Amino acid sequence: MASLLKANLRQADRQTAVVTLVLATCLASAAFAETKAETRKEYRFTVGRNAIISVDTQFGAISVKPGSADEVVVVATLKSNNVEVDQEQTGNRVEIASHLLEGADQQAGRVDYELLIPPDATLNLHSSSGPLLAEHLQGDLTLEGADAVVNIRNVQNCHVHVRTMGGPITLTDVANGHIEVASISGDVRMKSVTGTLVQVVSGRGKIFYDGDFGSGGDYRFTTHTGDIEAIVPADVSADFRAHSVIGRVRHDFPLQPQHSRFPVEAGRSFLGTSGKASSKVVLRSFSGKIRLKQR
Amino acid sequence: MTCSEVERVLPEFLDRAPDDSFPDAVHQAEFETHVKSCLACADLVADLKLISSAARQMVESEEPAPRVWVRIAAELRAEGIIRDPVPTPARPALVPTAPRRRWSAVWLAPVAAALLAAGAYVVSHKPVAQVVTQQVSPVQVSPVQVAPLQEATPGGAASPVTGANVVTPAPETAHAQRSEARTNSVRPNPTKPANPEVAAAHAVAPSPSVEDQQFLSVVSTLAPSVRATYESQLQAVNADIRETQAYVNRNPRDADARQHLMDAYQEKALLYQIAMDRIQ
Numbered sequence: 001m002a003s004l005l006k007a008n009l010r011q012a013d014r015q016t017a018v019v020t021l022v023l024a025t026c027l028a029s030a031a032f033a034e035t036k037a038e039t040r041k042e043y044r045f046t047v048g049r050n051a052i053i054s055v056d057t058q059f060g061a062i063s064v065k066p067g068s069a070d071e072v073v074v075v076a077t078l079k080s081n082n083v084e085v086d087q088e089q090t091g092n093r094v095e096i097a098s099h100l101l102e103g104a105d106q107q108a109g110r111v112d113y114e115l116l117i118p119p120d121a122t123l124n125l126h127s128s129s130g131p132l133l134a135e136h137l138q139g140d141l142t143l144e145g146a147d148a149v150v151n152i153r154n155v156q157n158c159h160v161h162v163r164t165m166g167g168p169i170t171l172t173d174v175a176n177g178h179i180e181v182a183s184i185s186g187d188v189r190m191k192s193v194t195g196t197l198v199q200v201v202s203g204r205g206k207i208f209y210d211g212d213f214g215s216g217g218d219y220r221f222t223t224h225t226g227d228i229e230a231i232v233p234a235d236v237s238a239d240f241r242a243h244s245v246i247g248r249v250r251h252d253f254p255l256q257p258q259h260s261r262f263p264v265e266a267g268r269s270f271l272g273t274s275g276k277a278s279s280k281v282v283l284r285s286f287s288g289k290i291r292l293k294q295r
Numbered sequence: 001m002t003c004s005e006v007e008r009v010l011p012e013f014l015d016r017a018p019d020d021s022f023p024d025a026v027h028q029a030e031f032e033t034h035v036k037s038c039l040a041c042a043d044l045v046a047d048l049k050l051i052s053s054a055a056r057q058m059v060e061s062e063e064p065a066p067r068v069w070v071r072i073a074a075e076l077r078a079e080g081i082i083r084d085p086v087p088t089p090a091r092p093a094l095v096p097t098a099p100r101r102r103w104s105a106v107w108l109a110p111v112a113a114a115l116l117a118a119g120a121y122v123v124s125h126k127p128v129a130q131v132v133t134q135q136v137s138p139v140q141v142s143p144v145q146v147a148p149l150q151e152a153t154p155g156g157a158a159s160p161v162t163g164a165n166v167v168t169p170a171p172e173t174a175h176a177q178r179s180e181a182r183t184n185s186v187r188p189n190p191t192k193p194a195n196p197e198v199a200a201a202h203a204v205a206p207s208p209s210v211e212d213q214q215f216l217s218v219v220s221t222l223a224p225s226v227r228a229t230y231e232s233q234l235q236a237v238n239a240d241i242r243e244t245q246a247y248v249n250r251n252p253r254d255a256d257a258r259q260h261l262m263d264a265y266q267e268k269a270l271l272y273q274i275a276m277d278r279i280q
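So the protein sequences, as listed, match chains F and A.
Under this note's numbering, the first residue of the first sequence carries the number 1, and numbering increases by one thereafter.
Under this note's numbering, the first residue of the second sequence carries the number 1, and numbering increases by one thereafter.
Calculated from the structure, these hints are not laboratory results.
Be aware that one or more of the hints could be misleading.
[To be verified] When the alpha-carbon atoms are kept at most 20 angstroms apart in a straight line, the in silico EDC-like pairs for lysine to aspartate or glutamate are as follows:
#1 Lys276(F) / Asp218(F)
#2 Lys280(F) / Asp256(A)
#3 Lys289(F) / Asp254(A)
#4 Lys289(F) / Glu231(A)
Note that the structure is a prediction, hence the values are computed from the model and not measured.
Given only the sequences and the hints, what does the whole structure look like? Please build it.
Below, the structure is given as structure tokens:
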């Protein structure tokens with residue numbers, strides 16, 4: 001009786017093993033087929049100084065880093081055969097675009113791009129879904145996306161234009177820039193961002209700034225319902241003006257009062273100078289809260 | 001008749017048809033004599049007449065029934081000008097040289113520009129409002145009161161006697177306010193105003209304007225989740241505009257609020273531009 005039971009158990013084990021093997025084979029085949037559908041393509045373009053590079057994709061990530069001074073390298077990873085990459089070079093201008101084919105959706109139509117470009121090149125990136133990343137560059141940057149997460153870091157001496165609908169935007173270590181950021185509802189975070197003009201507008205997103213407002217810059221942060229928060233060091237040198245139409249405004253920072261034509265209403269606005277007032281900082285909201293804090 | 005008396009009868013003067021006369025002939029003669037002799041009142045009357053007539057034309061020209069737009073959209077689809085989101089199988093050149101379905105988005109650029117212009121007009125058209133507010137006792141009018149008053153004068157110019165300020169709303173705003181007066185239905189709103197003072201402006205979502213209907217028609221060709229995002233963004237932007245407009249109506253001298261109104265219109269223009277980029 002016992003031996004019969006043992007034999008049955010061994011047979012059950014064998015059946016389980018066979019079923020597992022078949023399932024594993026099926027899964028491996030499916031994964032292989034999937035991998036086969038994903039294609040990686042590389043394009044190289046020889047360019048001169050101040051090249052203009054544009055990448056436009058409906059769905060997918062774009063990541064850009066500095067490379068050789070006279071060459072643009074584009075690596076595109078196509079997620080299916082329902083999308084292809086169009087590429088064109090006219091002189092110093094390089095244009096890359098994803099081209100959706102029949103049946104392409106957000107998954108099948110996705111193309112991820114990785115670019116190595118001359119550091120001084122002008123860059124235009126557009127992806128609805130994103131994310132978008134640009135780093136260690138010195139040319140002018142324009143990044144646009146509907147819901148794309150936008151990340152810009154370690155760039156200097158350039159114009160930076162960013163537009164999103166709801167995608168959050170992060171700028172880190174941007175020096176001596178001319179920066180214009182607009183989002184309808186995306187949050188905007190800036191850390192160590194300085195420039196001659198730093199203009200940030202977000203309708204319902206929050207604006208967060210952590211830095212020293214540089215020297216001689218014009219900083220304008222505006223929201224409608226979103227909050228604005230700025231954290232600055234004790235030795236910051238700037239003229240501050242903050243005003244919210246119906247939101248709360250406060251600061252825990254020692255500011256020297258200054259004469260102004262603008263009326264100051266307690267709890268709704270403040271006005272004052274710190275240090276030598278080398279930069280000008282204007283914080284405005286309609287109903288969002290505004291806060292200036294000392295680091 | 002004095003300036004203040006002219007202001008008192010001004011709504012009556014504006015509301016009457018061009019060939020109508022005052023019920024009181026003496027009153028009318030005094031009114032006309034004063035307006036002829038007083039430059040400030042003459043300017044005020046001329047401005048208000050212009051605004052009133054322009055706004056009347058706006059009402060007539062910008063409020064076709066929704067079914068008209070649905071029919072137009074159907075015809076455009078039938079003619080192939082608007083297509084469902086089927087990517088082209090052919091291999092064209094780079095996207096910038098051969099944009100697909102550009103037709104369906106052609107209107108967005110002028111509409112975005114018009115939005116900005118409308119916003120700029122609302123923000124910059126301060127002199128008339130200032131003239132009136134200086135001459136009228138500063139009665140505060142709640143946002144609930146403003147819409148019916150503007151409904152009463154189809155031109156969108158509220159009666160100065162009521163204390164509401166003469167503001168010519170941009171088409172979208174005028175439409176929104178008219179719709180607010182018409183409908184009491186409360187729809188879910190994607191934004192939650194922090195301040196209860198503006199909750200009223202957010203609470204009522206009016207029916208979409210003509211531009212918004214066109215916008216919604218175009219984004220309806222996108223994937224459902226994407227379309228929902230655009231719709232909710234549009235609702236939220238419109239709520240911002242209504243909220244700011246209501247505040248500006250109550251505080252016409254608040255320059256910062258007027259700038260925020262302009263910003264809100266720019267926000268809407270940005271939404272249109274992003275949608276245009278998406279569907280090209």
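Each hint tested on the structure:
Only pairs whose Cα atoms come within 20 angstroms are accepted, and Lys276(F) paired with Asp218(F) is accepted, the gap being roughly 14 angstroms. Pair hint Lys280(F) plus Asp256(A) holds up; C-alpha atoms about 18 angstroms apart against a cutoff of 20 angstroms. Taking the CA atoms of Lys289(F) and Asp254(A), the gap is about 18 angstroms. The hint holds against a cut of 20 angstroms. Pair hint Lys289(F) plus Glu231(A) does not hold up; C-alpha atoms about 26 angstroms apart against a cutoff of 20 angstroms.
Against the hints set out earlier in the document, a violation occurs for number 4 only.
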